[in-house]
Amino acid sequence: MIGLGFRRDFSKELIEGDLLKADFIEFAPENWMEVGGQWGRIVKEATERYPVHAHGLSLSIGSPEELDYDFLGRIKTFLKEYGIDVYSEHLSFAKAANAHIYDLLPVPFREDAVQHVAKRIRQVQDFLERKIAIENVSYYTPVAAEMDEATFIRSVVEEADCNLLLDVNNVYVNAFNHNYDAKEFISQLPLERVVYLHMAGHEQVEPDLIIDTHGQPIIDPVYDLFDWCIQRIKPVPVLLERDFNYEDLEQMQDELTKLKNISKKHWEVTYAEA
Amino acid sequence: MLRPDTIKIQHDLAMYCRSGDAPTIPGTSEGRLPHYRRLVLNVVSGTISQAYPITRKVLSEEEWQEIFVRFFVEHDAQTPMLWKLPYEYYLYVRDHDYAVKFNKAWLNELLWFEWLEIDVHMMPDEKHEAYTDRGELFLDPLVVNKDSRLIHLEYPVHLYPLAEVEERKGNYYLLIYREQETGTVRFVNFSVLHAWLLERMQLADQLSVKDLLPELLSEFQIQNVDTLENQLNKFLLEMFDDGVILGFRNR
Ligand SMILES: [Fe+2]
Numbered sequence: 001m002i003g004l005g006f007r008r009d010f011s012k013e014l015i016e017g018d019l020l021k022a023d024f025i026e027f028a029p030e031n032w033m034e035v036g037g038q039w040g041r042i043v044k045e046a047t048e049r050y051p052v053h054a055h056g057l058s059l060s061i062g063s064p065e066e067l068d069y070d071f072l073g074r075i076k077t078f079l080k081e082y083g084i085d086v087y088s089e090h091l092s093f094a095k096a097a098n099a100h101i102y103d104l105l106p107v108p109f110r111e112d113a114v115q116h117v118a119k120r121i122r123q124v125q126d127f128l129e130r131k132i133a134i135e136n137v138s139y140y141t142p143v144a145a146e147m148d149e150a151t152f153i154r155s156v157v158e159e160a161d162c163n164l165l166l167d168v169n170n171v172y173v174n175a176f177n178h179n180y181d182a183k184e185f186i187s188q189l190p191l192e193r194v195v196y197l198h199m200a201g202h203e204q205v206e207p208d209l210i211i212d213t214h215g216q217p218i219i220d221p222v223y224d225l226f227d228w229c230i231q232r233i234k235p236v237p238v239l240l241e242r243d244f245n246y247e248d249l250e251q252m253q254d255e256l257t258k259l260k261n262i263s264k265k266h267w268e269v270t271y272a273e274a
Numbered sequence: 001m002l003r004p005d006t007i008k009i010q011h012d013l014a015m016y017c018r019s020g021d022a023p024t025i026p027g028t029s030e031g032r033l034p035h036y037r038r039l040v041l042n043v044v045s046g047t048i049s050q051a052y053p054i055t056r057k058v059l060s061e062e063e064w065q066e067i068f069v070r071f072f073v074e075h076d077a078q079t080p081m082l083w084k085l086p087y088e089y090y091l092y093v094r095d096h097d098y099a100v101k102f103n104k105a106w107l108n109e110l111l112w113f114e115w116l117e118i119d120v121h122m123m124p125d126e127k128h129e130a131y132t133d134r135g136e137l138f139l140d141p142l143v144v145n146k147d148s149r150l151i152h153l154e155y156p157v158h159l160y161p162l163a164e165v166e167e168r169k170g171n172y173y174l175l176i177y178r179e180q181e182t183g184t185v186r187f188v189n190f191s192v193l194h195a196w197l198l199e200r201m202q203l204a205d206q207l208s209v210k211d212l213l214p215e216l217l218s219e220f221q222i223q224n225v226d227t228l229e230n231q232l233n234k235f236l237l238e239m240f241d242d243g244v245i246l247g248f249r250n251r
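Note that the protein sequences, when read in sequence, are chains P and V. According to the numbering used here, the first sequence holds residues 1 to 274 in order. According to the numbering used here, the second sequence holds residues 1 to 251 in order.
Hints in this document: simulated from the structure, not taken from any laboratory. Be a bit skeptical, because a hint or two may be false.
[Claimed, not checked] Have a look at the derived ranges for each label pair, beta carbon to beta carbon: (1) V:HIS96 <-> P:LEU249: 40 to 46 Å; (2) P:GLU159 <-> V:GLU74: 34 to 40 Å; (3) P:PHE127 <-> V:ASP95: 29 to 35 Å; (4) P:LYS234 <-> V:LYS127: 58 to 64 Å; (5) P:GLN38 <-> V:THR132: 46 to 52 Å.
All residues carry an ideal CB built from backbone N, CA and C; glycine is no exception.
Work out the full structure, taking the sequences as your base and the hints as a guide.
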C-alpha cells in the first residue's frame, strides 16, 4: 500500500481526478476535525473513497506538561466518526510553557525523558484503546543529549510498548546533519515494531544542513535507503508526504509509482497482482 | 518524573522560538537554533497574514509588525488547531487596545469580520429541521440557515472604504452565512427589525412569523400592520433567494 498525505490543494484531484493513484491517504486530524461545509464534505468523500490513516501534529507527546485530554477526546471522536483505526504522532514536543509552537521540537535524549514520554504514550494508548505508532523526527541540533538518538527511540517504544512509524527521510536528514551512518542507525532500531513508513523530500540549505521541508521530490539516496530498509522489515503501508509545491501532480504520481515499484521488488507477496 | 533541568531545557527551547532570547542548552550545535525560530515564525506569521488580508493591507508595515511581534512573543497559543490561531490573534489585538493606540477605532471589528469569514467557512454543519420549498410564508415556521453568525457592528467595515467608516459609525446588523449547496460564505445586511426577527426565528424554530408578529409589533411599537406585513413579505422572499431561509418546516 502506497499512500499520500491528504492536503487541501490536491484534495479534489484525489477524490475526483485520475492524476493521483494512492492506495490510502493520511489526515492530520488538527486540520480536518470539527469542520463542516465544503471541507467537511471533502473529508467525508475522501474517507468514503480511501482507507485513512490519522497522523497527529499537536498532541505534543514529548511535552513536560500534562496531556491535553480534552483534545485527545476530540481526536478520539474524529477517529470514531470516520472509522479510522491507525493513529500516529511524533516523538517530539510542540507545546511547552502552556503554549503551542506549531512545530516539532526535539526532546532531550535522556533517561528521564524516556520514562516520561513512554508513560504519556501508554496513557494515549489506554485512552484511545489502541496501539499507536510513534515517528522518529528530524532535528537540527542535539538538545542536552545523554544518550544517542537510536537508543532513545528504541527505549521509548519498548518502554511504551507502542509501534514505530519509521520516517526514512528523517533518518537520512538526521544522518546527514549529525554525521552518522543511516543504515547503521536503522539497524539499531526495533524494526519488528515498524508498522508504517514515511517518505518525503527535503531541502539542503547549507553545506552541512538539510531542512526537512517536505517541499521537494524524494532524492535518489533516500530511495536507496528505503530500498535497503524495506528488506529488513515486514510489508507495511508507505506514505509520501508533500507539504509545499504541489504544481506538478504528475511528478508526485511518479514518486508514488517509484515507491510502489521498489516495494513490489521486496514485498512481492503483498503486491501480487490480483 | 522529568528532571527539573530537562523541563527547563524544553521550556527554554520553546520560549526561544518565540522570543529569540538565546538559551543556554548544553550540546546544541552552533547556528542551528535560529532555524527553529525561523520555521516557527514562518508558520505563525503566514497563518495570521493569510487570515487577515485586509487588516494586513490597511495597517502600515510598522503597525502590523508591532502587533505581530508582540503577539508572537507574548501570547501563549492555546488552540491545537493552527487554523484557529487567528481567533486568538483577534482577541489579543482587542484586549491590548491597539484600536486606541493606533487611533483606528474600527480595527477590532475589521479583525472580527475577517475572522468570522473563516469561522463560518469552517464551522461544523448545524442540524436543521427537515424543510420543504412549499408552504405559507407567514403561517409556517421557517427554517433559517444556522451555518451562520448574526452580528452587530458599529463600524461598517464590510460596506465602505475604511477611510469613511468612522464617520459612518452607527448600528449595522449583518448575517455572515454559508450557502448550503456551495459552501460559499456570504453576508447580508439587516435593519434592526429584521435582525430581531431573524434571531427569534433561529431560536424559536417552531414558531411562524405570524406567531412572532405580536411580540415584534410591541417591541418596535408599530401601528400599521399592513405596511409591516407587505414589507416583511418582501424581506422573507429575499431571504429565501439568498439562502438565508432554507425552507418551510415540515409539519
Ligand atoms: Fe513523517
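Outcome of the hint check:
{"no.": "1", "hint": "V:HIS96 <-> P:LEU249: 40 to 46 Å", "in the structure": "holds (44 Å)"}
{"no.": "2", "hint": "P:GLU159 <-> V:GLU74: 34 to 40 Å", "in the structure": "holds (37 Å)"}
{"no.": "3", "hint": "P:PHE127 <-> V:ASP95: 29 to 35 Å", "in the structure": "holds (34 Å)"}
{"no.": "4", "hint": "P:LYS234 <-> V:LYS127: 58 to 64 Å", "in the structure": "violated (45 Å)"}
{"no.": "5", "hint": "P:GLN38 <-> V:THR132: 46 to 52 Å", "in the structure": "violated (25 Å)"}
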